[in-house]
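Enquirer: So the chains spell out like this:
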Amino acid sequence: MKLTLKIWRQKNAKSKGNFETYQMDSVSPEMAFLEMLDSLNKRLVEADKDPVAFDHDCREGICGSCGMYINGHPHGPVPAITTCHLSMRFFKDGETVWIEPWRAKPFPVIKDLIVDRTAFDKIQTAGGYISINTGAAPDANNIPVNKQNSDKAFDSAVCIGCGACVAACKNASAMLFVSAKVSQFALLPQGRIEAKERVKAMVDMMDEVGFGNCSNTGACEAECPKEIKISNIARMNREFFKAF
Amino acid sequence: MGKLISKIPEGPLAQKWTKYKASVKLVNPANKKKLDIIIIGTGLSGAGAASTLGELGYNVKSFCYQDSPRRAHSVAAQGGINAAKNYQNDGDSVYRLFYDMIKGGDYRAREGNVYRAAEVSNQVIDHYTALGVPFARDYGGTLDTRSFGGVQVSRTFYSSGQTGQQCLLGAYSSLNRQIKKGNVTLYPRREMLDLVVIDGKARGIIARNLITGEIERHSAHAVILATGGYGTIYYLSTLAVNSNPSAAWKAHKKGAFFANPSFIQIHPTSIPQLNEFQSKLTLMSESLRNDGRIWVPKAKGDKRPANEIPEEERDYYLERRYPTFGNLVPRDVASRAAKERCDAGYGVGETGLAVNLDFRDSIKKMGKKVIENRYGNLFHMYKNITGIDPYVEPMRIYPAGHYTMGGLWVDYELMTTIPGLYAVGEANFSDHGANRLGASSLMQASGDGYFILPVTINNYLSDEIKVPKITTDSPEFEAAEKEVVERLNKLISIKGKKSAGEFHKRLGKIMWDYCGMVRNEEGLKKALVLIDELRKEFWSDLNVPGTVNEVNQELEKAGRIADYFEVAELLVTDAINRKESCGAHFREEFQTPDGEAMRNDEEFCYVSAWEYAGEDQPHILHKEELHFEEVEMKVRSYK
Amino acid sequence: MALAGLFLITFLPVHLIINLMLLKSDPAPFTAAAHFMATFPIVRIFEVVLFAAILIHITYGIFLQIKNWLARPVGYVSGSKAETSFFSRFMIWTGSSVLIFLILHFINFYFVKLGLVKGNPEDFYNMARNLFAVPAYSYIYLVCFAVLGFHLYHAFNSAFQTLGLNHRIWTPVVKIIALFYSIVIPAGFACIPVILWILR
Chain A
0 MKLTLKIWRQ KNAKSKGNFE TYQMDSVSPE MAFLEMLDSL NKRLVEADKD
50 PVAFDHDCRE GICGSCGMYI NGHPHGPVPA ITTCHLSMRF FKDGETVWIE
100 PWRAKPFPVI KDLIVDRTAF DKIQTAGGYI SINTGAAPDA NNIPVNKQNS
150 DKAFDSAVCI GCGACVAACK NASAMLFVSA KVSQFALLPQ GRIEAKERVK
200 AMVDMMDEVG FGNCSNTGAC EAECPKEIKI SNIARMNREF FKAF
Chain B
0 MGKLISKIPE GPLAQKWTKY KASVKLVNPA NKKKLDIIII GTGLSGAGAA
50 STLGELGYNV KSFCYQDSPR RAHSVAAQGG INAAKNYQND GDSVYRLFYD
100 MIKGGDYRAR EGNVYRAAEV SNQVIDHYTA LGVPFARDYG GTLDTRSFGG
150 VQVSRTFYSS GQTGQQCLLG AYSSLNRQIK KGNVTLYPRR EMLDLVVIDG
200 KARGIIARNL ITGEIERHSA HAVILATGGY GTIYYLSTLA VNSNPSAAWK
250 AHKKGAFFAN PSFIQIHPTS IPQLNEFQSK LTLMSESLRN DGRIWVPKAK
300 GDKRPANEIP EEERDYYLER RYPTFGNLVP RDVASRAAKE RCDAGYGVGE
350 TGLAVNLDFR DSIKKMGKKV IENRYGNLFH MYKNITGIDP YVEPMRIYPA
400 GHYTMGGLWV DYELMTTIPG LYAVGEANFS DHGANRLGAS SLMQASGDGY
450 FILPVTINNY LSDEIKVPKI TTDSPEFEAA EKEVVERLNK LISIKGKKSA
500 GEFHKRLGKI MWDYCGMVRN EEGLKKALVL IDELRKEFWS DLNVPGTVNE
550 VNQELEKAGR IADYFEVAEL LVTDAINRKE SCGAHFREEF QTPDGEAMRN
600 DEEFCYVSAW EYAGEDQPHI LHKEELHFEE VEMKVRSYK
Chain C
0 MALAGLFLIT FLPVHLIINL MLLKSDPAPF TAAAHFMATF PIVRIFEVVL
50 FAAILIHITY GIFLQIKNWL ARPVGYVSGS KAETSFFSRF MIWTGSSVLI
100 FLILHFINFY FVKLGLVKGN PEDFYNMARN LFAVPAYSYI YLVCFAVLGF
150 HLYHAFNSAF QTLGLNHRIW TPVVKIIALF YSIVIPAGFA CIPVILWILR
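Which chain is which? The protein sequence lines are A, B and C, in order. For the record, in the first sequence the residue sitting at position 53 is 52 according to numbering that gives the first Met the number 0, with numbers rising by one throughout. For the record, in the second sequence the residue sitting at position 240 is 239 according to numbering that gives the first Met the number 0, with numbers rising by one throughout. For the record, in the third sequence the residue sitting at position 4 is 3 according to numbering that gives the first Met the number 0, with numbers rising by one throughout.
Keep in mind the hints are simulated off the structure, nothing from the lab. Some hints could be false.
[What the hints assert, rightly or not] Straight-line alpha carbon distances no greater than 30 Å define the calculated DSSO-like cross-link-like pairs of lysine-lysine that follow:
no.	chain 1	residue 1	chain 2	residue 2
1	A	K41	B	K494
2	A	K104	C	K23
3	B	K508	B	K497
4	A	K121	B	K368
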């Protein structure tokens, strides 16, 4: 299968950047998207050209490293998967594929398709934890948790921190990401104790690092590779109001 | 052999750790603040150690090559984490967990270490639960467990098929708390390129900032390696593609012995290779063997679709060969059995290199909903990759390189042969012997990081309290940095034709073919020749575009692969040396008439710890004899 | 934002009921209602709150929108193809259109003063009917209410979500009510000039 790739190339954070066009003549439908880029990079390296830089690691959809904006969608057009799991069989022969980095002020481009997502870490550092020291925990079964709540907490906890929600949102809002962590802990008795401090600290940091606001468009939910629901955002809002 | 002192405390097995804790030297809180500790890696062991040492008041510097600590490859562990809680009342105990691990590891691990790992496992579960890790629960609100390979109790705690992610995010959260408190400083996107040893003690590292390309010096009173394993030596493996042994290898070259390098676990249930460009093999959790049945057709070369093959024409070969453990035999046994069937011509799929993992009977028995609850994300993942719906058709699976039991040699305190240098988690060799049982890597990594190292390291640091902050201006730092820079420049100036990835792929193939699931002397010797040839080609025909002073992913890869050639040689050398079959190390020359591994306890009941002797010098073998006082060494049988 | 919006939402039916009295050929009920609204003390207090709500809603809306634009200084060449609620993407624009209408609405009586529309500035009944007699005004009026409908549909759902009221059962119900509301209210307003036209 033949494809035309339009890839954002940017040497470093300070340079301007532009789209480069690459022709791919023999893409196998069995390849994963990143493997297709690997083959492009191999070609570039052999021609002594700078390969396309992109973040990637586990290649099984769980580490959250990879993320590209492909043809109008974070992680490409197939729902509920990460870029590394995007199979080339979802593309048509002769198609033009636009590949862009996440675009958000708090996610500045480092090089090509790599963006700096430390803003996410900052939010987690602000309050995304339960304060307990190693060794201080009671026996695990001394904290019974309603199964339904536990399952819900898990559904929120599966966030991989890739940033697709921010990339998808027209406001570059990080509400889905933040609310997933707030929800996970809000649903568990262990997390209730410092629920108020947590939600305030995390929301404040989210605003401080420059993410936009939620206008409930639902783009984040539609594009989240882990299918995190926007009901988490409502829960975070609830927690936020309760915190005052 | 004077160099290998394992420091196992005296006394009865069950008392060793308690006794050790009671007598270990301590550092008072005021002094802790004066001591710096560097930790490389932010997986369960690294983040666990960083946060716990931060809580204790040490000055911790935490490094990872990823953009965030949350991406460490512990995140990808699927099935679960073991603990001897006996919540199921099915006869489990610390002793039984210990015994299962010793037996599962084919009697090639230290009793003292393994018992301790089993002992702290319960604390690990308590801690993660308190951190808000959403383990699966029963309707009464208590924790649920499931079974894993090689054991007859249900002791595996889990969060659907992403237990590693949940535990790692728990560890990440505790790390974040210490970062906020200022006890831990985080250095993401840094790669350790050398260890700095001053007067025989580990005193710091040289790291490359992966964004600016800057070479940085960092000093500390102790250095901890939590850098994981070297399973990507096969190129295609279940590991993250950037996982690498370079940090451990640099430490090895500075004097840390490397133990049991040839013990690599081949995981039985991974999605088979689908195309030649493939960069990675995706694991399908071992937990699937709880409810999935493994089979191949009874007739050779039967290419009918699986669902058209009637029951009586299916060979459930694990259930047939191992009636007691059935589909839940340990990983090494399951992997070899799959290879045996495929080599004999019974494999399924186009390549014939796959076996069926079938959920038909479980779905019939328990309903689709139950299966979906247990393995939903794995089924989703499988369908995504292969386009086949495992609710309808059996999964096709094949073994893949997965976990390295081998690693840096450490004593009971988890210290390597370089004073002040520690190795935790998969990076060390200590607890799994020749084969690791499922769900015990999360357990061991967490135990090492949270509960063991933060105790044992005090014994060393208590003698360091008078040592002032270590300057990075010393000649040792100077020399290490110079060496690092020279090597980077060397890699970038070869200006050949081939990409680093291509060499990795070829090295991986050599290793898989000659030093994979089944090995023999002839093949291993051939591998040594092939590796050497490839290494020469690498150093003359590699191309790394770009410069050192920028983001340069090709340069990162090239550096790691350059190390991999050396790791590969040592791995093969160890495999040649070990003239027996044990656990994951299966030598064709040493097997029982029915094809099971044949140990040689007379001659090989030891840990092989290899000392680096210099460029192009053969490694020196040191043996740490293993003594079994509590368990009787038996032929491992799962029949 | 959401609270102010919800308050505005509750005000709309009241306004609509009064407006519907325009359809009667007898001006008395409309005038009485208008008089009541203009003089009853509690209503006067509500009026202050209403204007405050409008001001808050507008200023906050613009402020947030600017912040949101700043959060993505560089956009995507391949656009956004995410499946979202369609009208949610244009809230600032639909909101602005409604604002323009509001301005128009408040300066209606100036039209009378300027002689563009016949009537007594104190007589709202006839003034309104006369305004609707101007076709251009009616067209603008109809378009604006269509746009208000779009604005309301997302606003209604969104307000509940923002206030943290998301529920497995009730959220879908709210969605249906929102759809109903965002059609009926604007349609109610819009039917007035249409009926007046037909009757004429």
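Enquirer: Evaluate each hint against the coordinates.
Expert: Status of each hint after checking the structure:
no.: 1; hint: A:K41 x B:K494; result: holds, 14 Å
no.: 2; hint: A:K104 x C:K23; result: violated, 56 Å
no.: 3; hint: B:K508 x B:K497; result: holds, 17 Å
no.: 4; hint: A:K121 x B:K368; result: violated, 39 Å
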